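Peer 1: Respectively, the protein sequence lines represent chains Z and Y. Counting from 1, one number per residue, gives the positions in the first sequence under this note's numbering. Counting from 1, one number per residue, gives the positions in the second sequence under this note's numbering.
It should be emphasised that the hints constitute simulated quantities derived from the structure, not laboratory data. Please note: incorrect hints may appear among the correct ones.
The list cannot tell twin chains apart, which means a pair is met if one copy fits it or any two copies do.
Under the rule of at most 25 angstroms between Cα atoms (straight-line distance), these lysine-lysine pairs were calculated in the PhoX-like manner [what the hints assert, rightly or not]:
1. LYS115 with LYS262
2. LYS120 with LYS210
3. LYS353 with LYS120
4. LYS262 with LYS179
5. LYS405 with LYS489
6. LYS169 with LYS394
7. LYS67 with LYS489
8. LYS169 with LYS158
Owing to the predicted nature of the structure, the values given are computational and were not obtained by experimental measurement.
Protein chains: 2
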Amino acid sequence: MKEAQRWLDAFAAALSLRELAAIPKLFHEECYWRDLVAFTWNLRTCEGPVEIQAMLAATLGVAEPAKFQLRNAVSLDGVIEAWFTFETAVGRGIGHLRLKNRRAWTLLTTLQELKGFEEKSGRTRESGWEAFASPAAEPYVAIVGGGQCGIALAARLKRLGVPAVVLEKNARAGDSWRKRYASLVLHDPVWYDHLPYLPFPEHWPVFSPKDRMGDWLEMYARVMQLDYRGSTECKSARYDEAAESWEIAVEREGQPQTLRAKHLVLATGMSGFPNMPALAGAETFGGRLVHSSAHDGGEGWRGRHCVIVGANNSAHDIAADLVAHGAAAVTMIQRSPTVVVKSEALMELAWGKLYSEAAVERGITTAIADLTVAATPFRLLPQFQRPIYQEILKRDAAFYQDLAKTGFRFDMGEDGSGIHSIYLRRGGGYYIDTGASQMVIDGRIKLRSSAAVKGLGNRSILLEDRTEIPADLVVCATGYGSMNQWAAKLISPEVADKVGKCWGLGSATRYDPSPWVGELRNMWKPTHQPGLWFHGGNLMQARHYSLYLALQLKARYESLPTPVYFIDPVHHLQ
Amino acid sequence: MKEAQRWLDAFAAALSLRELAAIPKLFHEECYWRDLVAFTWNLRTCEGPVEIQAMLAATLGVAEPAKFQLRNAVSLDGVIEAWFTFETAVGRGIGHLRLKNRRAWTLLTTLQELKGFEEKSGRTRESGWEAFASPAAEPYVAIVGGGQCGIALAARLKRLGVPAVVLEKNARAGDSWRKRYASLVLHDPVWYDHLPYLPFPEHWPVFSPKDRMGDWLEMYARVMQLDYRGSTECKSARYDEAAESWEIAVEREGQPQTLRAKHLVLATGMSGFPNMPALAGAETFGGRLVHSSAHDGGEGWRGRHCVIVGANNSAHDIAADLVAHGAAAVTMIQRSPTVVVKSEALMELAWGKLYSEAAVERGITTAIADLTVAATPFRLLPQFQRPIYQEILKRDAAFYQDLAKTGFRFDMGEDGSGIHSIYLRRGGGYYIDTGASQMVIDGRIKLRSSAAVKGLGNRSILLEDRTEIPADLVVCATGYGSMNQWAAKLISPEVADKVGKCWGLGSATRYDPSPWVGELRNMWKPTHQPGLWFHGGNLMQARHYSLYLALQLKARYESLPTPVYFIDPVHHLQ
Numbered sequence: 001m002k003e004a005q006r007w008l009d010a011f012a013a014a015l016s017l018r019e020l021a022a023i024p025k026l027f028h029e030e031c032y033w034r035d036l037v038a039f040t041w042n043l044r045t046c047e048g049p050v051e052i053q054a055m056l057a058a059t060l061g062v063a064e065p066a067k068f069q070l071r072n073a074v075s076l077d078g079v080i081e082a083w084f085t086f087e088t089a090v091g092r093g094i095g096h097l098r099l100k101n102r103r104a105w106t107l108l109t110t111l112q113e114l115k116g117f118e119e120k121s122g123r124t125r126e127s128g129w130e131a132f133a134s135p136a137a138e139p140y141v142a143i144v145g146g147g148q149c150g151i152a153l154a155a156r157l158k159r160l161g162v163p164a165v166v167l168e169k170n171a172r173a174g175d176s177w178r179k180r181y182a183s184l185v186l187h188d189p190v191w192y193d194h195l196p197y198l199p200f201p202e203h204w205p206v207f208s209p210k211d212r213m214g215d216w217l218e219m220y221a222r223v224m225q226l227d228y229r230g231s232t233e234c235k236s237a238r239y240d241e242a243a244e245s246w247e248i249a250v251e252r253e254g255q256p257q258t259l260r261a262k263h264l265v266l267a268t269g270m271s272g273f274p275n276m277p278a279l280a281g282a283e284t285f286g287g288r289l290v291h292s293s294a295h296d297g298g299e300g301w302r303g304r305h306c307v308i309v310g311a312n313n314s315a316h317d318i319a320a321d322l323v324a325h326g327a328a329a330v331t332m333i334q335r336s337p338t339v340v341v342k343s344e345a346l347m348e349l350a351w352g353k354l355y356s357e358a359a360v361e362r363g364i365t366t367a368i369a370d371l372t373v374a375a376t377p378f379r380l381l382p383q384f385q386r387p388i389y390q391e392i393l394k395r396d397a398a399f400y401q402d403l404a405k406t407g408f409r410f411d412m413g414e415d416g417s418g419i420h421s422i423y424l425r426r427g428g429g430y431y432i433d434t435g436a437s438q439m440v441i442d443g444r445i446k447l448r449s450s451a452a453v454k455g456l457g458n459r460s461i462l463l464e465d466r467t468e469i470p471a472d473l474v475v476c477a478t479g480y481g482s483m484n485q486w487a488a489k490l491i492s493p494e495v496a497d498k499v500g501k502c503w504g505l506g507s508a509t510r511y512d513p514s515p516w517v518g519e520l521r522n523m524w525k526p527t528h529q530p531g532l533w534f535h536g537g538n539l540m541q542a543r544h545y546s547l548y549l550a551l552q553l554k555a556r557y558e559s560l561p562t563p564v565y566f567i568d569p570v571h572h573l574q
Numbered sequence: 001m002k003e004a005q006r007w008l009d010a011f012a013a014a015l016s017l018r019e020l021a022a023i024p025k026l027f028h029e030e031c032y033w034r035d036l037v038a039f040t041w042n043l044r045t046c047e048g049p050v051e052i053q054a055m056l057a058a059t060l061g062v063a064e065p066a067k068f069q070l071r072n073a074v075s076l077d078g079v080i081e082a083w084f085t086f087e088t089a090v091g092r093g094i095g096h097l098r099l100k101n102r103r104a105w106t107l108l109t110t111l112q113e114l115k116g117f118e119e120k121s122g123r124t125r126e127s128g129w130e131a132f133a134s135p136a137a138e139p140y141v142a143i144v145g146g147g148q149c150g151i152a153l154a155a156r157l158k159r160l161g162v163p164a165v166v167l168e169k170n171a172r173a174g175d176s177w178r179k180r181y182a183s184l185v186l187h188d189p190v191w192y193d194h195l196p197y198l199p200f201p202e203h204w205p206v207f208s209p210k211d212r213m214g215d216w217l218e219m220y221a222r223v224m225q226l227d228y229r230g231s232t233e234c235k236s237a238r239y240d241e242a243a244e245s246w247e248i249a250v251e252r253e254g255q256p257q258t259l260r261a262k263h264l265v266l267a268t269g270m271s272g273f274p275n276m277p278a279l280a281g282a283e284t285f286g287g288r289l290v291h292s293s294a295h296d297g298g299e300g301w302r303g304r305h306c307v308i309v310g311a312n313n314s315a316h317d318i319a320a321d322l323v324a325h326g327a328a329a330v331t332m333i334q335r336s337p338t339v340v341v342k343s344e345a346l347m348e349l350a351w352g353k354l355y356s357e358a359a360v361e362r363g364i365t366t367a368i369a370d371l372t373v374a375a376t377p378f379r380l381l382p383q384f385q386r387p388i389y390q391e392i393l394k395r396d397a398a399f400y401q402d403l404a405k406t407g408f409r410f411d412m413g414e415d416g417s418g419i420h421s422i423y424l425r426r427g428g429g430y431y432i433d434t435g436a437s438q439m440v441i442d443g444r445i446k447l448r449s450s451a452a453v454k455g456l457g458n459r460s461i462l463l464e465d466r467t468e469i470p471a472d473l474v475v476c477a478t479g480y481g482s483m484n485q486w487a488a489k490l491i492s493p494e495v496a497d498k499v500g501k502c503w504g505l506g507s508a509t510r511y512d513p514s515p516w517v518g519e520l521r522n523m524w525k526p527t528h529q530p531g532l533w534f535h536g537g538n539l540m541q542a543r544h545y546s547l548y549l550a551l552q553l554k555a556r557y558e559s560l561p562t563p564v565y566f567i568d569p570v571h572h573l574q
């Protein structure tokens, strides 16, 4: 505690005096400062003292950080981990520090609320009679896509008093879940999945079935009083440079409408469009050929031959469901290695510490858990994660042996850092095993690994090795593109080009080429297109990052100064 | 702590040895034991050692109470108040004790759960994959009425695995709130209003506007996965003595259907039918004449003359709303005295200790608050409440002086015990002031007090004193009948007669004639009609008493022995 206090005092003094020369004394040569909106009005990780000094030189004048207060500190294996609070000129924040030998190894600073614009809650809640006040003005923010991300952001904006509208092409909130295959159940546990403000009740199942998730989202949008417009498809959006606002063309229940908003948030799913491989013979194929996103479920395929192209989460879920529905044969065609981890192992060894009933009992609130995750800079994530997956390989050694015997190709990612890493790098490439792997082992799901698809016959799929597999159904569980495909479609190819690829860290692994950027590209932060934002990801990200995006929008709505430090150079996937 | 421990040990020993002779030594001559389902399979307050001995003689053999454990005890003004837990042969309970001079003054015993049938929650929650299990069987319980009471009970039964169906004549859950007058806002604060399992979020307004309440109920029914059937009106129900079950005729979306259930719960609102006074000249009245339950709101009455008959909550709300909408004149006709208390005074002096943000911060959970309320036997309630209302009269003396000057007749109830008392006695007779009293004082709401209505003119209302008041609109805010009117309508006049009046304590005050029964008549407990139950009241009652009703039904569903101790003699209001 004392050591952390000493460091924080010295750090606060250096910032207050703008004494940047003190930084190399306060930080190790290998060090990371991750800032979420508090200093940089950006999501930005600075690596090394030089980057930190440059960031501070640019931001201290406006940020005016002060009132650093140590909240607690624990020492573990020579590293002191500490939480602290602080203020800036306009807001209040929470920070996290890792100290080794009296110098900082990692630092996190996050903006949590804006002074004078605190959310009303508890003792400051409204009386209820305000219900009869005047209705909301024109939207300041238009959110395209009303899944968990659009909803979580709209809820935060509502609480912050920023007029926002959610445009959703489906009729009802939750339909994007309801319309997926019948057996879909979340693979992330409930403790990871809470939305802001209204947590799931204590009896909510560990893994939400998709229809329950759909219902939850629908009721959430209602009770949070969102301006949620179903059956409203965004057709195009044009940035009016002169007015500095968007002109958005929508089709609402079949009728064209135009609306204006200062900011446009694409919350269309963290993926872009379905990746549908061009298969020779598709036009003459006599069976059904669909992308996994359009597959309804196993019902109706009893006694039929089914083939799944792909071997990640959806592929496994869909295959298991087809087996359960009595398909004559279900074959999975694996093209590249998959990270496979049993759900229980993941719960126990990866989630358990932060997102579990045990964590709740230890006082780890969702907010603490989220900030703890945020406190690991992405550069360090692999080395933090690798031991977990080593442990998992040991724990489930017999399972992995059995799986290896089938020829199924699996690993723990190119660098052994597992699911969390690969998710951030490419948004997929893994299977959280809830039973389908055992079906592969048992032969109930047939496997063709290291296989390449050559094309389709009339009622079959043809592989490069000249085998032919009977197929009444071919499901391509072949993933999705990048979110900026949506920008290309809705705005223009030029704007999509200007903005560049979304998601990915630049880790120089498969589908995530360098250069390294240290944060997810374009997500939840300013882009090269004024007024355009991207919001996507799983429920945890929908919850946590919606805070920082909402605060950025609120600050602009209130005309606070929001000088953005550093926008990454544009990057395109070749 | 020691003294409470000593008493509890002696009490436990006496029960264990069935030594009823010890009771007069353990209890004062003036003493109360309130049991909620734990010993009596009933809601029953025994008064005095003799009644307690009789109850124990009848129940100990089956109840087998044991494992009494003191949880905490505090001493205040010579009274020790203690919480304890205990078990019976089939369940676990929580109890509360007031000890004066080493002997018990009041005792509360409540059943909280049945052994082997604990609700799954937290660590025992379901995984989520059970979603694909077989659908629910025939309903065991049919609940008529899908307002807060029907919904809260159905939620508890769902969690307990008792198949139940809710029959609601409106299309959607929450419609019974939505359809009321536009300005309706709950007069009870949010801390009092939580439903089981899923509390309102921390930003929920103190007083819920009726449409938000409607939306909350609708989403609650959905996410709690209730079998909630909207547009389904119960037309009649017949008890099949041979089959020991109900045959229920419903009209679902216009189509007649029959369903069977072992138990029938009338949750049709704590009141019966609207009390509509027979007014001479009603058939030739040229304006609009409605009961308050059918009044839409102030819109459309700008510049018109409006008269409200009645001077309780709805009368005030409706009058204030008409004033706000620019009615030419709004006149309230007061026929008898009203208990008037300012909302802030009630919050501060009556609710504050148990249901407020301050209480939450002190660790008073909703469950603790509810059990604390339950720990006051109804006989003692007036003497516990009177000082609060004395204090309120002092606090708001200027207000009451101003109100008195208008001629408005108010008191704190016949015995000065205020709102909680009068609500339990007659379900109405009060106004929780949220601003309309000031309108009476200012003359914006005109008042005719001590007035009796003679009849209606063509466009006027005539009073017995021969005054005539112009009236385009007459709203009769004249209250409701007893719930057993519903039994008469839906089942038969014979069954309604057999069951008798619902609600009221027998306090020998207006609308609540003796004999004293010590619990609300027929509410949440066995009636003289096998398989017939009544459930009604405000949100606190919907929440708290649904637990005891659900446990009674669950025990029967699981064929546990549930010998009912004492059913009150039938009582009819003359």
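Peer 1: Decide, hint by hint, whether the structure agrees.
Peer 2: Tested hints:
1. In this assembly of identical chains, the alpha carbons of LYS115 and LYS262 lie at most 25 angstroms apart only when taken from the same copy (23 angstroms versus 59 angstroms across copies).
2. For the homomeric pair LYS120 and LYS210, the shortest alpha-carbon distance between copies (20 angstroms) is at most 25 angstroms, but the shortest distance inside one copy (32 angstroms) is not.
3. Taking identical chains as interchangeable, the C-alpha atoms of LYS353 and LYS120 lie at most 25 angstroms apart only when they sit on different chains, with a minimum of 22 angstroms there against 31 angstroms within one chain.
4. With identical chains, the CA atoms of LYS262 and LYS179 are never at most 25 angstroms apart, being 32 angstroms at best within one copy and 37 angstroms at best between copies.
5. Taking the shortest Cα distances, LYS405 and LYS489 never come within 25 angstroms of each other, neither inside one copy (45 angstroms) nor across copies (71 angstroms).
6. Taking CA atoms no more than 25 angstroms apart as the test, LYS169 paired with LYS394 passes in neither setting, with 46 angstroms inside one copy and 59 angstroms between copies.
7. Proximity of LYS67 to LYS489 under the C-alpha cut-off of 25 angstroms is found in neither arrangement, the shortest distances being 46 angstroms within a copy and 69 angstroms between copies.
8. Taking the closest pair of Cα atoms, LYS169 and LYS158 come within 25 angstroms of each other only inside a single copy of the chain (21 angstroms); across copies the shortest separation is 34 angstroms, beyond that limit.
Of the numbered hints given earlier, the model fails hints 4, 5, 6 and 7; all others are met.
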